[in-house]
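Chemist: Whole structure, please, built from the sequences with the hints as guidance.
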Amino acid sequence: MAERAFGMRGRHEKKTVELITSEGSIQEILSDHKIDPEQVANFITGASEFRILVDIVSSQLDADRMDYILRDAHSTGVKYGSFDSEWLLSSLCIGTEPNRKAPGDAYDWRLCLDERRGLHSAEQFIIARMHMSLQVYFHHATRGWEAHLLCLFREAAALAEKNELPESTPDLAREFFRTKGKAGPAQFLQLDEATIVCAMQQWTFAEKHPRLRDLASSFLARRKVFHCFELPRSDYRVTMQLSSELKKIGQEERDWLLDSSDLVSYEDFDSIFRGSKRTPAEVSTTAVLLAEGALGAPARPVEADSIMLRAMGDNPIEAINRLYCHQDIVVPVKKVLAALGVS
Amino acid sequence: MHPTIRIAHLVHLLKRIEGRKKLHKIVHILQELGAPFVEPFQYSQYGMYSQQLTTEMGHLVRDKLVTEDGTNVFVFKPSKDLARLLNALKIEPEPEWASLAHELNKLSPQMLEGISTVLFLRERGYAKEKLRLRLVALKPRLGSIADECIERAADLTENSALV
Chain D
1 MAERAFGMRG RHEKKTVELI TSEGSIQEIL SDHKIDPEQV ANFITGASEF RILVDIVSSQ
61 LDADRMDYIL RDAHSTGVKY GSFDSEWLLS SLCIGTEPNR KAPGDAYDWR LCLDERRGLH
121 SAEQFIIARM HMSLQVYFHH ATRGWEAHLL CLFREAAALA EKNELPESTP DLAREFFRTK
181 GKAGPAQFLQ LDEATIVCAM QQWTFAEKHP RLRDLASSFL ARRKVFHCFE LPRSDYRVTM
241 QLSSELKKIG QEERDWLLDS SDLVSYEDFD SIFRGSKRTP AEVSTTAVLL AEGALGAPAR
301 PVEADSIMLR AMGDNPIEAI NRLYCHQDIV VPVKKVLAAL GVS
Chain V
1 MHPTIRIAHL VHLLKRIEGR KKLHKIVHIL QELGAPFVEP FQYSQYGMYS QQLTTEMGHL
61 VRDKLVTEDG TNVFVFKPSK DLARLLNALK IEPEPEWASL AHELNKLSPQ MLEGISTVLF
121 LRERGYAKEK LRLRLVALKP RLGSIADECI ERAADLTENS ALV
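Protein chains in written order, with the working numbering: chain D, 1 to 343; chain V, 1 to 163.
It should be emphasised that the hints constitute simulated quantities derived from the structure, not laboratory data.
Treat the hints with care, since some could be wrong.
[Said to hold, decoys possible] Only pairs whose alpha carbons sit at most 20 Å apart, straight line, appear in this in silico EDC-like list of lysine to aspartate or glutamate:
id, chain 1, residue 1, chain 2, residue 2
1, D, Lys182, V, Glu123
2, V, Lys139, D, Glu38
3, V, Lys64, D, Asp36
4, V, Lys139, D, Glu49
5, D, Lys14, V, Glu123
6, V, Lys106, V, Asp147
7, V, Lys130, D, Glu18
8, D, Lys180, D, Glu167
9, D, Lys34, D, Glu23
10, V, Lys80, D, Asp235
11, V, Lys139, D, Asp105
12, V, Lys130, D, Glu167
13, V, Lys77, D, Glu318
14, V, Lys64, D, Asp235
15, D, Lys180, D, Asp36
16, D, Lys248, V, Glu92
17, V, Lys128, D, Glu38
18, V, Lys130, D, Asp36
19, V, Lys90, D, Asp105
20, D, Lys180, V, Glu123
21, D, Lys247, V, Glu92
Modeler: Following this line, the structure appears as structure tokens:
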């Protein structure tokens, strides 16, 4: 949420690098094991000569993705996110970067799936991710509460900038909003959900700041104050005009926000299929790769071998477009939508 | 402002951008120098890359606001509709990052890749000789222009009114 509220500058990779390279317990533990924190930071930011190690941290087959899909499916009680993670892990092999001479050296190695064993687990994994995206991550209720929280964070940050947050706001939360999520590593490590909830509880008494009070109290009471309009797939001209017209009614990301599955911080589930014209950079960055299994064999994008994934590529799922607005401005928003012919 | 409006405005101002690599590096450098582009970038095998920017350009091309032609190198150009749209939206004709964008568009993709990587490394805390060594390690094929990339990145930062 901090990334969405305060822009890309607060990306979690950057924060992780700060935590690893700044003085503290993580740096000490790494150094005790003769691991250079700087090298670990390079794997996290992707700026390492050893691409295969970057792949483990951040790629279509990275450890985080394999973990969070199963965990989120379990936590939300849905079955969509199931895939055979053990089989997928046992199918991993090392190939050579597409468009490079194979077998390449360690600099050109990439994390791939064995073409004989991994194809179907790759399909299962990609479909699990797609279903989780549609049914959980981009569900209108999930995104609605995120929109609510986003507007609350923006409101708090605007007040913090003017030093007008209620005095009862915990110092850690005050610093978090004042710096727009860029608090130092020591403070960041102490900041948790309890601190933010505590701040919100205090804000429910903020008589001088009715919007802050309203957003905090309604969030804590699970009282829905943001209305969702599902927008049809429309020409970008309409989206841009809509954005301009809405600014006359209220503040963006305070009173309303346009939410598109293309413009979010979650990794894009169909990005690997989108577009027929693909550059080597895009293939290298976004594709799930298959290889023959022997060390350094040439790698290729998985969709070349999969009828199912090719079909998905040929018929990409439309982006989800929604408009969330505070209930106070629903009437004028409806008028704008009608004037633009968006129903 | 909707983030794609700013990207559309960039294409409108530059009239012609030769290659996706060039586009990504220009936007990344502008962002690093303080222009209000919001696309998240990640370091990848081919330098700084933004999935969101790729998606936004895909929309602009699909909606015929931008044309994209070519086989190996894709050339982006604004369509007549884009000028009409920006006019209708009353977009500021010359934002403060415009002259810098024009300057960057004159550079080669390799030079832009080098400068963009230097800015990324500087953000990571690298400086002086350590920065140079890291740049050459990551981009061996840019070795012959590494010093020039570092100098240009320094000049851009010092002389940019945006920083």
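Chemist: Lys180/D and Asp36/D were given as a pair; does the straight-line alpha-carbon distance stay at or below 20 Å?
Modeler: violated, 30 Å
Chemist: When you check the alpha-carbon spacing of Lys139/V and Glu49/D, does it fall within 20 Å?
Modeler: holds, 9 Å
Chemist: Hint check: Lys182/D vs Glu123/V, CA-CA at most 20 Å. Holds or violated?
Modeler: holds, 14 Å
Chemist: Are Lys34/D and Glu23/D close enough, with their CA atoms no more than 20 Å apart?
Modeler: holds, 16 Å
Chemist: For the pair we were handed, Lys106/V and Asp147/V, check the Cα-Cα distance against 20 Å.
Modeler: holds, 19 Å
Chemist: Can you confirm whether the C-alpha distance between Lys77/V and Glu318/D stays at or below 20 Å?
Modeler: violated, 25 Å
Chemist: Quick one, are Lys247/D and Glu92/V close enough, alpha carbons at most 20 Å?
Modeler: Holds, at about 16 Å.
Chemist: Mind checking the alpha carbons of Lys248/D and Glu92/V for me, to see if they're no more than 20 Å apart?
Modeler: Status holds; Cα separation ~17 Å.
Chemist: Lys180/D and Glu123/V were given as a pair; does the straight-line alpha-carbon distance stay at or below 20 Å?
Modeler: holds, 18 Å
Chemist: Taking only the CA atoms, is the gap from Lys139/V to Asp105/D under or equal to 20 Å?
Modeler: Satisfied, since the Cα-Cα distance of roughly 16 Å is no more than 20 Å.
Chemist: Compare the distance between the alpha carbons of Lys130/V and Glu18/D with 20 Å, and conclude whether the hinted pair is satisfied.
Modeler: holds, 18 Å
Chemist: So if I understand the rule, the pair passes when the alpha-carbon distance is 20 Å or less; does Lys64/V with Asp36/D pass?
Modeler: Distance of about 49 Å is beyond 20 Å: violated.
The structure fails hints 3, 12, 13, 15 and 19 (numbered hints given earlier, in ascending order).
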